[in-house]
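Visitor: Take these sequences, add in the hints, and give me the full structure.
Heads up: the sequence shown begins at 1147 in the working numbering, then just goes up one per residue.
Hints are supplied without guarantee of correctness; some may be wrong.
[Claimed, not checked] Simulated restraints on C-beta separations:
| no. | residue 1 | residue 2 | range |
| --- | --- | --- | --- |
| 1 | G1199 | G1169 | 15 to 25 Å |
| 2 | D1270 | L1248 | 17 to 27 Å |
| 3 | E1155 | P1185 | 23 to 33 Å |
| 4 | E1160 | D1276 | 42 to 52 Å |
| 5 | C1249 | P1185 | 26 to 36 Å |
| 6 | G1199 | R1256 | 23 to 33 Å |
| 7 | R1148 | K1318 | 28 to 38 Å |
| 8 | D1279 | H1168 | 43 to 53 Å |
[Unchecked claim] The calculated DSBU-like cross-link candidates involving lysine-lysine, where the alpha carbons are at most 35 Å apart (straight line), are:
| no. | residue 1 | residue 2 |
| --- | --- | --- |
| 9 | K1153 | K1202 |
| 10 | K1260 | K1320 |
| 11 | K1202 | K1217 |
| 12 | K1278 | K1320 |
| 13 | K1352 | K1318 |
| 14 | K1217 | K1260 |
| 15 | K1260 | K1149 |
| 16 | K1149 | K1320 |
| 17 | K1251 | K1195 |
| 18 | K1320 | K1332 |
| 19 | K1332 | K1278 |
| 20 | K1260 | K1318 |
| 21 | K1278 | K1259 |
| 22 | K1255 | K1149 |
| 23 | K1255 | K1195 |
| 24 | K1260 | K1195 |
| 25 | K1259 | K1217 |
| 26 | K1149 | K1331 |
| 27 | K1331 | K1255 |
| 28 | K1195 | K1278 |
| 29 | K1352 | K1255 |
| 30 | K1260 | K1202 |
| 31 | K1331 | K1251 |
| 32 | K1278 | K1255 |
| 33 | K1149 | K1195 |
| 34 | K1318 | K1281 |
| 35 | K1352 | K1153 |
| 36 | K1320 | K1153 |
| 37 | K1153 | K1217 |
| 38 | K1195 | K1320 |
| 39 | K1352 | K1217 |
| 40 | K1278 | K1318 |
These are computed hints drawn from the structure, not numbers from a lab.
In this text, a Cβ means the ideal position worked out from N, Cα and C, and glycines have one as well.
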Amino acid sequence: MRKEIVKLENVSAEYGGNTVLHGHELTVYSDDFIGIIGPNGGGKTTLLKVILGLVKPATGSVTVFGTSPDKVRNRIGYVPQMMEVERDFPINVLDTVLMGRLCHKGLFKRHTKKDYEKVEQALDAVEMSDMKDRKTGDLSGGERQRVMIARALASEPELLLLDEPTASIDPKIKTDIYDLLNSLKKQMAIILVTHDIGVISSHVDKVACLNCQLFYHNSKEIPKEALETVYQCPVDIIAHGTPHRVLKEH
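Guide: Below, the structure is given as structure tokens:
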């Protein structure tokens, strides 16, 4: 059954003393796979943090699963922008993914058999089971990002938030990650922040444009005028190869 899980009403938010979100209205349902595009500094990461409850709105209200976001973080999986990992830090892939279970067990309780089962399932989903004993710092960028996705999946989320999950990753690994997300959208709602227009063309179900103001039509279609407003310059849409999406007038 299709359920409303995220509701933003007239939400504005500040970051570093600057207002980066202006009066947002957004509703996300349990079967949505939404891609958010827009320029750097446009507020995309801040929007995800508002949904997570890590940034409090300056105005408006936000509810997730019908309540305050900070009360339901155990139902949300989050993959932040990829960061450099200290190569010598002594943690392996299995223990990294186990961190995703902390929201269910608490900080100082021992891991249970169920925790390890969920971690194994998450590693299988991202095809990293054979590397579970490898040191995370020794992995390639694409492999580390798979581990971060597995960590989010280990929490058994009903909502998955991803912030530029394929930045600086080679095209083959990108394709594998988006194929994974296509399979996951049957189990959870997904909100994906990306600069990858190819993803918008061929994977997500709905598109939002964000540059301080949010343009969202609950649809795959993006009017050319909205793109020009978001990027604040003329936009030409070029399709090369397949698949591609030509955006109709509305």
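Visitor: Are the hints correct? Go through all of them and say.
Guide: How the hints compare with the structure:
As the Cβ distance of G1199 to G1169 is approximately 19 Å, the hint placing it in 15 to 25 Å holds. Between D1270 and L1248 the beta carbons are some 21 Å apart, a value that agrees with the proposed interval 17 to 27 Å. With their beta carbons about 25 Å apart, E1155 and P1185 fall inside the hinted range of 23 to 33 Å. The beta-carbon spacing between E1160 and D1276, approximately 45 Å, falls within the hinted interval of 42 to 52 Å.
For the hinted restraint 26 to 36 Å between C1249 and P1185, the CB-CB distance of approximately 33 Å keeps it satisfied. A C-beta distance of roughly 28 Å is found between G1199 and R1256, which places it inside the suggested range of 23 to 33 Å. For R1148 and K1318, the Cβ-Cβ distance of about 34 Å falls inside the hinted range of 28 to 38 Å, so the restraint holds. The supplied range of 43 to 53 Å is met by D1279 and H1168, whose beta-carbon atoms lie about 48 Å from each other.
Our distance criterion of 35 Å between C-alpha atoms is met by K1153 and K1202, whose separation comes to about 14 Å. Using a Cα cut-off of 35 Å, the hinted pair K1260 and K1320 holds, with the two alpha carbons roughly 30 Å apart. Using a Cα cut-off of 35 Å, the hinted pair K1202 and K1217 holds, with the two alpha carbons roughly 13 Å apart. A hinted pair counts as satisfied when its Cα atoms are at most 35 Å apart, and K1278 with K1320 qualifies at roughly 21 Å.
Annotation: proposed proximity of K1352 to K1318 holds, straight-line Cα distance about 24 Å (limit 35 Å). For the given pair, K1217 sits about 23 Å from K1260 by alpha-carbon distance, which is consistent with the 35 Å threshold. Using a Cα cut-off of 35 Å, the hinted pair K1260 and K1149 holds, with the two alpha carbons roughly 27 Å apart. The straight-line distance between the Cα atoms of K1149 and K1320 is roughly 30 Å, inside the 35 Å bound, and the hint therefore holds.
Annotation: proposed proximity of K1251 to K1195 holds, straight-line Cα distance about 23 Å (limit 35 Å). Pair hint K1320 plus K1332 holds up; C-alpha atoms about 20 Å apart against a cutoff of 35 Å. Pair hint K1332 plus K1278 holds up; C-alpha atoms about 26 Å apart against a cutoff of 35 Å. In summary, the hint linking K1260 to K1318 is supported, as the alpha carbons are separated by about 32 Å, within the 35 Å threshold.
For the proposed pair K1278 and K1259, the alpha carbon gap of about 16 Å is at most 35 Å, so the pair holds. Between K1255 and K1149 the alpha-carbon distance is near 33 Å, which keeps this suggested pair within the 35 Å criterion. Proposed proximity of K1255 and K1195 is supported: the alpha carbons are some 27 Å apart, at most 35 Å. Taken as a hint, the K1260 and K1195 pair is honoured in the structure, with Cα atoms around 29 Å apart against an allowance of 35 Å.
For the given pair, K1259 sits about 26 Å from K1217 by alpha-carbon distance, which is consistent with the 35 Å threshold. About 14 Å separates the Cα atoms of K1149 and K1331, which keeps this hinted pair within 35 Å; it holds. For the hint linking K1331 to K1255, the alpha-carbon distance of about 31 Å falls within 35 Å, and the restraint holds. Distance hint between K1195 and K1278 is fulfilled; the C-alpha atoms sit about 29 Å from each other, no more than 35 Å.
For the hint pairing K1352 with K1255, the CA-to-CA distance comes to about 40 Å; that exceeds 35 Å, so the pair is violated. As the CA atoms of K1260 and K1202 are separated by approximately 34 Å, the hinted pair is consistent with the 35 Å bound. With a C-alpha separation of about 26 Å, the suggested pairing of K1331 with K1251 holds against the 35 Å cut-off. Our distance criterion of 35 Å between C-alpha atoms is met by K1278 and K1255, whose separation comes to about 22 Å.
Restraint check for K1149 and K1195: the C-alpha separation of about 22 Å stays at or below 35 Å, so the hint holds. Under the criterion of a C-alpha separation no larger than 35 Å, the hint pairing K1318 with K1281 is consistent with the structure, at around 23 Å. For the hint linking K1352 to K1153, the alpha-carbon distance of about 16 Å falls within 35 Å, and the restraint holds. Distance hint between K1320 and K1153 is fulfilled; the C-alpha atoms sit about 30 Å from each other, no more than 35 Å.
Proximity of K1153 to K1217 is assessed by CA-CA distance (about 15 Å); at most 35 Å being required, the pair is judged to hold. Taking the CA atoms of K1195 and K1320, the gap is about 24 Å. The hint holds against a cut of 35 Å. With a CA separation close to 27 Å, the supplied pair K1352 and K1217 stays within the 35 Å bound. A distance of roughly 21 Å separates the Cα atoms of K1278 and K1318; the hinted pair therefore holds under the 35 Å criterion.
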